[in-house]
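Input sequences plus hints: build the corresponding full structure.
First to last, the protein sequences are chains A and B.
Numbering-wise (the working numbering), the first sequence opens with residue 122 and increments by one.
Numbering-wise (the working numbering), the second sequence opens with residue -3 and increments by one.
Hints listed in this document are in silico derivations from the structure and should not be mistaken for laboratory results.
A few of these clues could be false.
Keeping only pairs whose Cα atoms sit at most 27 Å apart, straight-line, the calculated DSS-like set for lysine-lysine is [as the list claims (entries may be wrong)]:
#1 K320/B x K225/B
#2 K275/B x K480/A
#3 K116/B x K241/B
#4 K370/A x K123/A
#5 K241/B x K321/A
#6 K547/A x K630/A
#7 K438/A x K275/B
#8 K50/B x K305/A
#9 K305/A x K321/A
#10 K320/B x K275/B
#11 K266/A x K321/A
#12 K547/A x K626/A
These numbers were taken from a predicted model, which means no experiment stands behind them.
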Amino acid sequence: MKYLLVDVGSTTTKAILCEVGEETAQFIALADAPTTVEAPFEDVQIGLENALRRIGEQLSNRVDVNDTPGMSLVREFKTSDLDGLFITSSAGGGLQMLVIGLVRSMTGESAERAALGAGGVILDILAQDDHRQPFERIERIRHLKPDMILLAGGVEGGAVLDVAVLAEMLFHAAPQSRFDSMRKLPLIYAGNSDLHPFLKERAEGFELCLAENLRPSLSQENFGPVRRVIQEQFMEHVMAHAPGYAALKDRVDAPIMPTPMAVTRSLRLLADNRGENILAVDIGGATTDIFSIVRDDMHRSVSANLGMSYSALNVLKEAGVANIMRWLPSEIDELALRDWLHNKMLRPTTLPHTVSALKVEQALAREALRLAFQQHLVLAAELRGNKPIGDWRRGADTFFGNRQRFGISDVDLIIGSGGVISHAPKDVQSALMLIDAFLPAGYTELLLDRHFSLPHIGVLSQVHPEHALKLLLNQSLVPLGASIAPRGVSGSGDRITRVTVEPIKGASKSYWIPGKCVSRIPLPADGAAITVEGVWSLDFGRGFWRNLHRDTVRGTAGLFVDLRGRPLPWSRAVTESQRLSSTWYQDLSGEED
Amino acid sequence: MRLRRTLPYPGRLLVSLGEDVSPATIIAETTLQPEEPIHFTVTEAFGIPPYDIKTVLRVQEGDIISQGQVLATGIISGQGVELRSPVSGIIEQVSMLLGTVSLRLEGDPNDRDRIVDVAKDLEMIPLLAAQYIQVRVGDFVYMGQEMASDSDKEARSLAPMQGEITAINGSLITITRPFIRTQVSAFVSGRITTLIPGWGAEVESEMVPVSGLFGLGGECFGVLHILTKHPAEQADPLLVTADHKGGVLVVGALASSDLLTRCRHFGVAGVIAGGAHNKHLVDLLGEEITPGMDTKETLGLSLMLMGGMGEIPIEEHIFDLLRKSEGSMVSLTGLTQIRSGVIRPCVYLLADPSLPIRDEPSRQGNDSITIGSVVRIIREPYFGVRGRVTGFAENDMLPSGIRTLTYIVLNESGDELRIPRSNVELI
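Right, here's the structure in full:
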C-alpha cells in the first residue's frame, strides 16, 4: 500500500511518500517546500504541490508528473498510485487557542492540559486570579485573534456565578477570528454544566459547543470529550476557513489533524507497542514541545519562549549567561556569545558556519531543553486541590508541596526532534545534547526523529494503525543508542567498571570505563548485547554491586556510560565549570581492553 | 507615504483637514485614564436584580458622560430617584450579570489633588480627628476605601476617588490622582489628509522610510548629524557634545557603551548605527532583552541598528542617503517586534527626488540569488563581508560539519568563500 503523508508546518510543508507491505515498510521519497498559507500566496495547495513536484522529480521514472496547477498533482498521485492521502497541519501558527479557567492553578491548569493535548498553541490563559484587572483581560482578549476559545470552570455542582462573570467578560470583549472577522468564533465550554442554559441564551456571538466538564471533581480530569470537540471544531471552523484547506478537506482519507495531536498519536502507538515510558522533545526556533507518556498518562507542554532562534535571548535570560557558557570552551567570551545569540534571533534561518558557532547553538539547546523539561514536570503535576487518599507517599508529597507525577528515572526512552538535534553533523552530538539536557537515570534508550515524521505517522494511524506502527519502528525513528547513568557516586579512577559488548556476529569486546565522565562505546550496526559489571558504589538499575545486562542495544551514536553523577558536579565559577565540561567526554572507540 | 496616528482611547482632535503639520504637532489628545475603570453597582441602589439593569439605566456603552450626569433613574418606595455619576468619563461596560456600570475616568492632569477633611466626616474637631486616620502618606487608596473611622460613633471617612495619599496635615488628607494626558503627535512632516473623529488622523508625508534590523526605545525626531566620514568607521564618543541635544546621530559601525552613555547624558534623541554589543545594551537597560519583544524598554533615547549585533558597517547606499539628509529634521522609531507581526525600527528622511529608491535587500529573499548576484554575508565568521556569487556547491560540508547548499562568494579582496545559502542576503 502506498500513502502520501503531508505535514503542513508553519514554515515548511513536508511530504513523505511511503510504501507498506507484508514484510516491508519504507519511505520511498521525502520532500520539503515552503508553506504558502500566508500572503502573497494564501493557498496551502501551492506549497503542497511544490513538495509533491519535488517528490515527483525524485521518482520521475515511476510517476508521470505534469506541470498542471492546483490539486491535479494530488489527483494524479491518487488515481495512479496512491492508497491514501493524510495531512496534518500547524500552518499559520497552528491551532491557536485562548484558554479561560476559573482558578489558574485548578481549572485553568486542567484546561491548559486539555488544550495542549488536543494540539493547541495556547495564546494566553485567563483566570479570575491571574493578577490582571478585568479591563486588562478584555484588552488582551481583543488583542489576541484565536482560532478557538476554551472556557472551563467549576466542578460539577460547584461555582456558577464566577464562571458566568468570566463568560460575560468574554462576550463583552467580542474577540474576532484570525482569518475572517465576520465569522463566529468557536467557543468550547467544558465547565460546570449548570451554566449551560446561561451560555445558550447569551453566547449568540459565538459558535457555542458544550462539552462534558473537563474537571468534574477536584480529583478528576476528563479530557476525552473536550479533545474530541476541539478536533471537530478545528476541522469544521478553523481548517475549513484557512486559505486553501477547503479543497484539500475533500481529498484526504482521514480528517486533517493538528500536528501536535498527530505526534501524540504516534507516541501513544509506540508506548502501547513497547510498553515503555516515553519522553519526546521537539525543539524549534521559537518553542519547545515536550511530550511524555509515563504509566499511561500522556502530557504535552509547550515552552513558548524556549527555542533556538526567535527565543534564543529568552533562553539566555532564563538560563543565565553562565549556564550557557559552562558548556563552551573558554575562548568564547560573553560579549561574542551574546552577540551571536542576538544575531540568531534577528536572522533565525542562518546556519552555524564554524565549530565555535555550532558549539554555541548546542550549548543553547542543552539549556533550552533543560528548562523546557522543568516546565514540563510542573505542568504534568498532580492535580491541585486533590488530596490523594490511601497512598501515604503521594499524600505526604502533596502535603509538602511536591506535586511531581514522574521523574526522569521513570523514563525508558527519549526521542529527540527539531533542527538542532535532528540535523546535528554527528549523531554523537545529538545524543549528548539529550543526555546533558535531560540527565537520564538508569538505562535509557535514545532515538532520533531524523525526518520529523512523527506527525505523518500519527495521522496515518487514524486509519491504518498497523502500517503506521511498521513505519514508525522501521523508518521514522533512528536508534541513537542508549545511556546508562547509575545511582551513586563513582570514583575518579580510570577503571571504575567494565562493559562487555557482544555483537551478533564477531568477537565480543570489553571496555574499562573511567569515573567522573561520559564514555562512548561504539555499537555494531546490527546491535549487540551488553553487560555492565556491578560496582559496590553504583546502582545501574538492578541494585548496587549487580550487573546490568541488555540483550540488544543498537544505535548510530553508541552506548554512553555516564559516571558524572546526578546532578552534574558543576562549579560556582564559570571557568572551572568550563574546565570540567571539557574533560567530561571520553570516546572509547579506539580503546579496548 | 501615509501614516495613521491615533490615540489608544477616544479624545479630541487638535488638527483640521488639509493642515500642514510638523513632527511635533499634536494631532489629538485624551484625558481618559489608562488604569482600571470605576464600577458602580447600579441595581443595588435600586434594589432590583442585576439582569434588570437596563430598565433603570439612562446611558449606554460608549457614552461620554460628565460629572453629575444622570446614570440611572428609578422609583424607590414610590419616590423617583436619580443616580448621578460622581466623575466624568466614558461608559465602558454594562454588566447584566453583576448589575454594574464600568466607567473609564476622565481626569485633568492640571487638577489632580483632592483634599478630604476627615474631621467633617467624623464630626469632631480636627485635632481629635487626626488620631482616627488609618492611612499613611504613600498609600494608594481606592474609591470608597475607608481612610478613618470612629467605631463609637459609627462614623467613617471614605476616599471619594482613587489615588495616592501625598500629604496629611492634621485632619486634611491630600489624595493625588495619577491623571495623565495622552497625546499623539504627527511624528512626520506632512499634511492631514483624513480625520478620524475622536481618535486621530492620517498624515500624508513626502518623507521616505528606511528600515533597520533592530531597535530600542520609542519615537523621536530631531536634526540629523553624521559623526563619521565612512560607514565602516566607529564614532569617537567625545564627538558627542551638548550641541547634539535633541538631535539624531549617525555613529558608524558600532554604537559603543561609552558613546550611548554620552548621548544619554547630553540628551540626544536618537542614534543610528550599524551595530552594537548586546552586553552593552543589557548593561545600559539594566535587564535582558527578551524575544518576541515589543521593545518598550528604553535607553533614554531611540536606537536603530542597521546590521545587527557587533561591529557592522552601515550599507554604503543607506549611509549616502543619510548623508544627504544631514542637517534636516528626521523622525526615528526604535520600536521593534520580532515575532507575531514583525515591526522593524525605521527612520523617516526627507525625500530627495534625485535619489533612486531601493527595496530593502532582505525582503527579496534568497530564491532570487543567481551567479553574478552581489550578496552580503550575515553570519560569522565573515559577518558584513560583501561579494559576488560565482558558483554553487550542493551538499557542501561547512567547517562545523553541517552539510548544505553553499554559494561560492568572491569577496572584495579576491578570496573565494563558501557560505551556506541561508547565511547571505541579496544586495
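Each hint, compared with the structure:
Pair hint K320/B plus K225/B holds up; C-alpha atoms about 13 Å apart against a cutoff of 27 Å. Annotation: proposed proximity of K275/B to K480/A holds, straight-line Cα distance about 20 Å (limit 27 Å). Distance check on the hinted pair: K116/B and K241/B sit about 52 Å apart at the alpha-carbon level, beyond 27 Å; violated. Using a Cα cut-off of 27 Å, the hinted pair K370/A and K123/A holds, with the two alpha carbons roughly 20 Å apart.
For the hint pairing K241/B with K321/A, the CA-to-CA distance comes to about 62 Å; that exceeds 27 Å, so the pair is violated. Restraint check for K547/A and K630/A: the C-alpha separation of about 24 Å stays at or below 27 Å, so the hint holds. Of the supplied pair hints, the one linking K438/A and K275/B holds, its CA atoms being roughly 12 Å apart against a limit of 27 Å. The straight-line distance between the Cα atoms of K50/B and K305/A is roughly 26 Å, inside the 27 Å bound, and the hint therefore holds.
Annotation: proposed proximity of K305/A to K321/A holds, straight-line Cα distance about 15 Å (limit 27 Å). With a CA separation close to 32 Å, the supplied pair K320/B and K275/B exceeds the 27 Å bound. A C-alpha spacing of about 23 Å is found between K266/A and K321/A, which places the hinted pair at or below 27 Å, so the restraint holds. Taking the CA atoms of K547/A and K626/A, the gap is near 26 Å; set against the 27 Å cutoff, the hint holds.
Of the numbered hints given earlier, the model fails hints 3, 5 and 10; all others are met.
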